[in-house]
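All chains should be modelled from the sequences, with the hints used to inform the complete structure.
In terms of my numbering, the sequence shown opens at residue 1 and continues consecutively.
None of these hints come from the bench; they were simulated from the model.
Possibly wrong hints are sitting among the right ones.
Unchecked claim - Listed next, the in silico DSS-like pairs over lysine-lysine satisfying Cα-Cα at most 27 Å (straight line):
#	residue 1	residue 2
1	Lys132	Lys248
2	Lys132	Lys370
3	Lys111	Lys100
4	Lys370	Lys269
5	Lys72	Lys46
6	Lys370	Lys171
7	Lys100	Lys306
8	Lys111	Lys306
As the list claims (entries may be wrong) - Using C-beta positions, here's what the derived DEER-type ranges look like:
#	residue 1	residue 2	range
9	Glu282	Ser33	27 to 35 Å
10	Asn95	Gln211	29 to 37 Å
11	Lys124	Gly26	44 to 52 Å
12	Ser317	Pro193	37 to 45 Å
13	Ala314	Gly18	22 to 30 Å
14	Ala305	Glu199	28 to 36 Å
15	Thr420	Gln211	42 to 50 Å
16	Ser33	Gln211	43 to 51 Å
17	Glu198	Glu31	43 to 51 Å
Predicted, not measured: the structure shown is a model, and the values here were computed from it.
Built from N, CA and C at the ideal position, the CB exists for glycine as well.
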Amino acid sequence: MYADILIHSADMMATMMGHSGCPARGEGMSEISPIKDGAVAIREGKITAIGTTEELLAGGCVGPETIQICAKGKVVTPGFVDPHTHVIYAGSRENELSLKLKGVPYLEILKQGGGILSTVRSTKQATDEEIKAQTSRRLQTMLSLGTTTAEVKSGYGLTLEEEMRALRLIKELDNEQVIDLVSTFMGAHAVPPGYNEEEFTNYLINDVLPQIAAQGQAEFCDVFCEPGVFSLNSSERILAKAKQLHFKLKIHADELAPAGGAELAAKLKVTSAEHLLQASDEGIAALAKQGVIAVLLPSTSFNLAKNSYARARAMISAGVPVALATDSNPGSSPTESMPLVITLACLYLRLTPEEALTAVTINAAHAIGKSNLVGSLEVGKQGDVLILDVPNLNYLPYHFGSNPVERVIKRGRVVWSACTSS
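Here it is, written out as structure tokens:
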């Protein structure tokens with residue numbers, strides 16, 4: 001059976017094989033299983049063969065209608081997986097930049113009605129069509145920068161009606177555009193005016209979570225566990241109820257203060273703990289013991305300009321599987337660029353290019369429960385492939401500020417090309 005598309009002659013093809021069963025840890029994060037003069041064949045959206053160009057050409061993959069793409073002089077990788085975004089919203093918050101430059105803390109901006117609450121107001125005032133149009137533009141930018149699968153959190157609604165609307169729109173966008181979207185319910189994103197923390201926690205547990213679960217449009221539940229937002233006790237109560245309702249679990253933990261969020265993540269055995277800038281040694285050890293994936297967000301640290309980054313090297317040394325994400329959101333990380341995240345991870349988290357690539361592909365896929373479908377180039381997986389116009393992997397984080405993606409192939413179809421994008 002001939003391939004629909006054959007990508008061949010890649011100077012280096014990073015397959016990321018060997019980590020689909022469990023995420024890469026420790027030294028395993030450097031194992032990208034490269035193939036020199038690599039080739040990959042895709043038929044009906046699935047990878048059917050992978051190896052050297054000589055092997056695939058000799059193996060009878062090419063027929064009269066097979067589309068052949070030469071990747072000579074290029075690097076080929078799996079499509080990037082962005083496992084932490086808040087990309088569905090309306091409006092923007094560039095007005096807060098001057099406050100940040102003056103040193104006003106984020107939680108103070110939130111108390112003044114800015115931050116998340118500002119986006120909540122903008123999103124509520126927007127129509128469905130306006131929210132989808134703005135989000136679609138962001139998703140198209142993500143696609144052009146190599147993201148083929150992304151998690152999207154609700155959380156700019158903070159009421160049952162608005163949270164259900166956000167999850168419905170995520171589902172519609174998943175069906176209408178190219179990137180595969182994984183939905184996360186994050187009603188516990190901030191405490192809205194008119195509630196105290198305990199009242200809003202009870203509202204989420206008793207009124208919101210059961211109806212969101214019945215709706216069936218969210219795979220994960222997430223909580224912003226942070227002093228001044230949701231305490232350890234409130235976060236545990238919300239996530240325990242979510243687990244009872246068969247959600248998979250995530251947690252925003254130890255971003256602004258060392259509050260025991262990593263330890264709670266390990267106790268609850270969540271799929272992933274996010275941010276973790278202030279995670280303690282004990283918390284890191286607990287994450288490693290339970291196999292919780294650390295989703296690190298260096299573009300957020302960069303944008304907040306605090307010169308404080310998650311201790312990725314300590315996590316990797318302890319055996320914590322590490323993933324990377326954009327945290328794409330209107331306040332602390334208004335970017336859609338995974339290539340930028342890779343550069344920041346190498347410069348400030350001290351990851352090697354191989355570790356960073358692992359963190360944005362197979363480990364990121366594990367962080368959203370999709371490692372059986374995406375994140376590596378292996379027979380049977382989706383044909384989600386990037387052709388990067390870089391001579392070697394080191395060049396990817398080295399040359400920043402431009403788009404290294406030449407082509408994006410999604411399920412065996414070229415969905416974006418630098419050659420035709422203009």
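Hints, verified against the model:
1. Lys132 - Lys248: 26 Å, holds
2. Lys132 - Lys370: 24 Å, holds
3. Lys111 - Lys100: 14 Å, holds
4. Lys370 - Lys269: With Cα atoms ~18 Å apart, Lys370 and Lys269 stay inside 27 Å; holds.
5. Lys72 - Lys46: Within the cut-off at roughly 23 Å; holds.
6. Lys370 - Lys171: 17 Å, holds
7. Lys100 - Lys306: 10 Å, holds
8. Lys111 - Lys306: 20 Å, holds
9. Glu282 - Ser33: 27 to 35 Å: 34 Å, holds
10. Asn95 - Gln211: 29 to 37 Å: About 34 Å separates the Cβ atoms of Asn95 and Gln211, which means 29 to 37 Å holds.
11. Lys124 - Gly26: 44 to 52 Å: Cβ of Lys124 to Cβ of Gly26: about 45 Å, so the range 44 to 52 Å holds.
12. Ser317 - Pro193: 37 to 45 Å: Holds: the Cβ-Cβ distance is about 44 Å, inside 37 to 45 Å.
13. Ala314 - Gly18: 22 to 30 Å: 24 Å Cβ-Cβ, so the 22 to 30 Å window holds.
14. Ala305 - Glu199: 28 to 36 Å: 34 Å, holds
15. Thr420 - Gln211: 42 to 50 Å: 44 Å, holds
16. Ser33 - Gln211: 43 to 51 Å: 44 Å, holds
17. Glu198 - Glu31: 43 to 51 Å: 47 Å, holds
Violated hints: none; the structure is consistent with every hint.
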